[in-house]
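Residue numbers for the sequence shown follow the working numbering, so the first one is 4 and each next one is one higher.
Wrong hints could be hidden among the right ones.
[Claimed, not checked] So the derived label-pair ranges between C-beta atoms look like this: (1) P76 <-> D192: 35 to 45 Å; (2) A154 <-> D192: 14 to 24 Å; (3) K166 <-> S106: 19 to 29 Å; (4) R159 <-> V92: 34 to 44 Å; (5) G196 <-> D157: 13 to 23 Å; (6) K49 <-> V92: 33 to 43 Å; (7) Y103 <-> D32: 16 to 26 Å; (8) P131 <-> K81: 17 to 27 Å; (9) R112 <-> A154: 39 to 49 Å; (10) G196 <-> V92: 37 to 47 Å; (11) K85 <-> A55: 40 to 50 Å; (12) K158 <-> I79: 12 to 22 Å; (13) K93 <-> S31: 25 to 35 Å; (14) K158 <-> A55: 33 to 43 Å.
Since the hints were made in silico from the structure, they are not lab data. Even glycine gets a Cβ: it sits at the ideal position worked out from N, Cα and C.
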Amino acid sequence: MNDLNNPYDTIPDGSMDALVKHISTNNSDVMRHSMRVATVAVNIGKKMGVSAKQHKSLLHGSLIHDIGYLWVPKSIFKSPRKLALHEKVKIHRHVDLGYYFISRYVDSRDVIDIVKYHHERFDGRGYPHRIGGTAIPLLPRIVAVADAYEAMTDKRAYRPAWKPEAALDNIHEQSGRQFDPDAVGALRDYVGGGRSDMNDVDLQSYDFDGPV
Numbered sequence: 004m005n006d007l008n009n010p011y012d013t014i015p016d017g018s019m020d021a022l023v024k025h026i027s028t029n030n031s032d033v034m035r036h037s038m039r040v041a042t043v044a045v046n047i048g049k050k051m052g053v054s055a056k057q058h059k060s061l062l063h064g065s066l067i068h069d070i071g072y073l074w075v076p077k078s079i080f081k082s083p084r085k086l087a088l089h090e091k092v093k094i095h096r097h098v099d100l101g102y103y104f105i106s107r108y109v110d111s112r113d114v115i116d117i118v119k120y121h122h123e124r125f126d127g128r129g130y131p132h133r134i135g136g137t138a139i140p141l142l143p144r145i146v147a148v149a150d151a152y153e154a155m156t157d158k159r160a161y162r163p164a165w166k167p168e169a170a171l172d173n174i175h176e177q178s179g180r181q182f183d184p185d186a187v188g189a190l191r192d193y194v195g196g197g198r199s200d201m202n203d204v205d206l207q208s209y210d211f212d213g214p215v
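Let's have the full structure, built from the sequences with the hints guiding it.
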């Protein structure tokens with residue numbers, strides 16, 4: 004896609020470390036959000052009993068799931084006002100832009116799927132592919148819940164942070180519609196059990212060298 008022909012288009016190699024550094028260097032807000040999502044996602048995964056391989060993919064995929072935002076103007080990304088339709092279209096395109104970018108560097112199908120499908124809805128009304136239920140791979144369904152919870156409980160330019168209980172209630176109301184019910188239940192178990200600091204992801208526990 005022509006959108007990728009810009010300075011963001013080149014990274015030194017295809018390792019996870021390079022991809023994470025690429026995001027951190029170009030948009031620290033996206034990186035902060037992604038690290039918090041990763042913490043929630045891997046803990047939901049633990050509650051759901053995912054394999055060690057899936058657990059690692061959850062971390063990797065969560066950390067780069069929003070890499071497509073590097074091509075969205077920051078004036079839109081951080082806007083305190085309601086977005087116009089054409090701006091929403093640009094926001095939605097971050098999924099495809101991220102997918103096309105990381106597909107050249109990432110070998111893991113699970114990680115690619117997280118980037119590609121994390122905005123799909125369980126009822127099939129998400130974007131960009133409008134698939135639903137178990138047609139959406141498991142790991143993107145987990146990340147969708149983690150992404151929503153992090154977004155609600157973090158302060159944004161256009162609203163204050165939600166309290167965890169309010170965010171949980173909102174997500175629970177969307178169980179079976181926007182979100183996978185099993186992932187919603189696992190989130191409630193995780194948060195109810197006393198979650199760790201969402202800013203604290205133990206990156207040292209994972210091998211980020213070499214291709215993903």
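Evaluation of the provided hints:
| no. | hint | verdict |
| --- | --- | --- |
| 1 | P76 <-> D192: 35 to 45 Å | holds (38 Å) |
| 2 | A154 <-> D192: 14 to 24 Å | holds (20 Å) |
| 3 | K166 <-> S106: 19 to 29 Å | violated (38 Å) |
| 4 | R159 <-> V92: 34 to 44 Å | violated (20 Å) |
| 5 | G196 <-> D157: 13 to 23 Å | holds (21 Å) |
| 6 | K49 <-> V92: 33 to 43 Å | holds (36 Å) |
| 7 | Y103 <-> D32: 16 to 26 Å | holds (22 Å) |
| 8 | P131 <-> K81: 17 to 27 Å | holds (23 Å) |
| 9 | R112 <-> A154: 39 to 49 Å | violated (26 Å) |
| 10 | G196 <-> V92: 37 to 47 Å | holds (39 Å) |
| 11 | K85 <-> A55: 40 to 50 Å | holds (43 Å) |
| 12 | K158 <-> I79: 12 to 22 Å | holds (18 Å) |
| 13 | K93 <-> S31: 25 to 35 Å | violated (20 Å) |
| 14 | K158 <-> A55: 33 to 43 Å | holds (34 Å) |
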